[in-house]
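Here is how the chains run, residue by residue.
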Amino acid sequence: MADTATSRTPLHARHVALGARLVPFAGYELPVQYASIVAEHQAVRQAAGLFDVSHMGEFLVSGPGAAAFLARAVPGDVLGMDVGKAIYTQFCNAAGGVVDDLLIYRLADHYLLVVNASNIAKDWEHLQSLSPPADATLIDASEKTALLALQGPRAAALLQPLADMDLSALKAFRLAQGQVAGRDAIVARTGYTGEDGFEIVLSGDDAGAVWDALVAAGATPCGLGARDTLRLEAGLPLYGHEWDDATSPVAAGFGWTIKSGAEYLGKAALARQIRDGTPLKLVGLRLLGKAPAREGYEVLRDAHVIGRVASGAPSPTLGHPIATAFVPADVAVGDRLTVRIRTIEAPAEVVKLPFYRRSRS
Amino acid sequence: MKFSKSHEYLADDGTVGISRYAAEQLGDVVYVELPEPGRTFAQGEEFGVVESVKAVSSLYAPVAGTVVASNAELQEHPEYVNQDPYGKGWLLKFEIADPAQVSALLDEATYQSEVATH
Numbered sequence: 001m002a003d004t005a006t007s008r009t010p011l012h013a014r015h016v017a018l019g020a021r022l023v024p025f026a027g028y029e030l031p032v033q034y035a036s037i038v039a040e041h042q043a044v045r046q047a048a049g050l051f052d053v054s055h056m057g058e059f060l061v062s063g064p065g066a067a068a069f070l071a072r073a074v075p076g077d078v079l080g081m082d083v084g085k086a087i088y089t090q091f092c093n094a095a096g097g098v099v100d101d102l103l104i105y106r107l108a109d110h111y112l113l114v115v116n117a118s119n120i121a122k123d124w125e126h127l128q129s130l131s132p133p134a135d136a137t138l139i140d141a142s143e144k145t146a147l148l149a150l151q152g153p154r155a156a157a158l159l160q161p162l163a164d165m166d167l168s169a170l171k172a173f174r175l176a177q178g179q180v181a182g183r184d185a186i187v188a189r190t191g192y193t194g195e196d197g198f199e200i201v202l203s204g205d206d207a208g209a210v211w212d213a214l215v216a217a218g219a220t221p222c223g224l225g226a227r228d229t230l231r232l233e234a235g236l237p238l239y240g241h242e243w244d245d246a247t248s249p250v251a252a253g254f255g256w257t258i259k260s261g262a263e264y265l266g267k268a269a270l271a272r273q274i275r276d277g278t279p280l281k282l283v284g285l286r287l288l289g290k291a292p293a294r295e296g297y298e299v300l301r302d303a304h305v306i307g308r309v310a311s312g313a314p315s316p317t318l319g320h321p322i323a324t325a326f327v328p329a330d331v332a333v334g335d336r337l338t339v340r341i342r343t344i345e346a347p348a349e350v351v352k353l354p355f356y357r358r359s360r361s
Numbered sequence: 362m363k364f365s366k367s368h369e370y371l372a373d374d375g376t377v378g379i380s381r382y383a384a385e386q387l388g389d390v391v392y393v394e395l396p397e398p399g400r401t402f403a404q405g406e407e408f409g410v411v412e413s414v415k416a417v418s419s420l421y422a423p424v425a426g427t428v429v430a431s432n433a434e435l436q437e438h439p440e441y442v443n444q445d446p447y448g449k450g451w452l453l454k455f456e457i458a459d460p461a462q463v464s465a466l467l468d469e470a471t472y473q474s475e476v477a478t479h
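These protein sequence lines map, in sequence, to chains D and F. Here this note's numbering is used: position 204 in the first sequence is 204, and no number is missing along the way. Count along the second sequence from 1, add 361, and you get the number used in this note's numbering.
Worth flagging that the hints you see were computed from the coordinates, not collected in a lab. Hints are supplied without guarantee of correctness; some may be wrong.
[Stated by the list, open to error] Counterexamples of contact, computed for chain D against chain F with all Cβ distances above 10 Å:
{"id": "1", "residue": "I87"}
{"id": "2", "residue": "H126"}
{"id": "3", "residue": "I306"}
[Stated by the list, open to error] Okay, the calculated bits of chain F under chain D, using three or more residues with CB under 8 Å as the criterion:
{"id": "4", "stretch": "424 to 435"}
{"id": "5", "stretch": "444 to 458"}
Cβ coordinates follow ideal geometry from the N, Cα and C atoms, glycine included.
With these hints in hand, go ahead and build the complete structure from the sequences.
See the structure below:
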């Protein structure tokens, strides 16, 4: 997004000292890369990478009415969450479009919502528009909360000596509260890279010490550039690309995250879409040439434009360009399409999402 | 060697490429698209693109001229642009139409001081 960077995360001085290229994003000045997007990407696929994602928003929802209120806000199964559980879900509007996607973590006495930085104000207004009851308290803790993501096959081995909780007992989409490098933290086995890993929520005041300890333990600092190629390979949607206020989780292939039996905003529209399908759906494209397809490029079938690229990049893991695109629902895996890249029509094959799935050993 | 404000260099023998500063700013170059020999370009006209993981950047002719060769090795090894922008990472050999345009380009010291202030 084109905006003026005004805010800095608590780790800004470290990013500068590491020689990061800093770019404005969602009102923050953030590292897009330190030395090389490809090297950082590979560090996450092969070892462990560390991301400062403190720009993301954190809302706290507490009180006796918290669960019932959140159940009105998301199609994920909030009411089925035990303490220590995390879910990936969305805020939807009445038409089923995605206001934002988010993680909800259930802690002992409140729910923690982690939302996209660019949507903090919009999400807050959206929640207010749902008229929170008197017995639910909402707090925007985004400013004082830091968030680190430690991702990769070596993440657990690297984090365990620094953490006072047993990480082998912490399964995917579970969280624990304790200490990391002597600082209070919430450690969740979640992420946005397609690898095993952890997201660590802590006070901004403690972020520097924990960052330093993780880097000293061998984690490679990684920027937003690698975060984007990693999430794209892993088939994870990004607000503004794979979905937005006019695009539903069903069209983006995330109908499986719609689980709630409660009455939430957008339920009727989403139920209709699950039953009838959507005119456009998200597919994966493998480009057969070397030129990367990029966001907004036209997708063609038999020389007719049938859709557009949602996200596109060279895949460091696969070694060829990949893209997601919205196309008519009759397009199937294995179909040959083309993508208009400047003056050429570049051949592409429709492939299953995700492009990359880690091997589980 | 002379430089354009859009970060292309032009060597005395007509070799065109992008400056080391530009290559570093781009990050990992993954794809380069260059014109065929015989094409002519006006000064400042777009002659190709260089793509990093993150972005597509246009390449502009530092002076008017005709392409006499383009670096086909970059199809297999786009990383040469990062590794050796003034050597193996060259882009085009250019037949310069008007030598007066060359002398109007930035000399190396001026170019380096311009990018240092950014």
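To see whether the hints hold, each was checked on the structure:
no. : hint       : result
1   : I87        : 31 Å, holds
2   : H126       : 30 Å, holds
3   : I306       : 23 Å, holds
4   : 424 to 435 : violated (count 0)
5   : 444 to 458 : violated (count 0)
Hint violations for this structure: numbers 4 and 5, all remaining hints satisfied.
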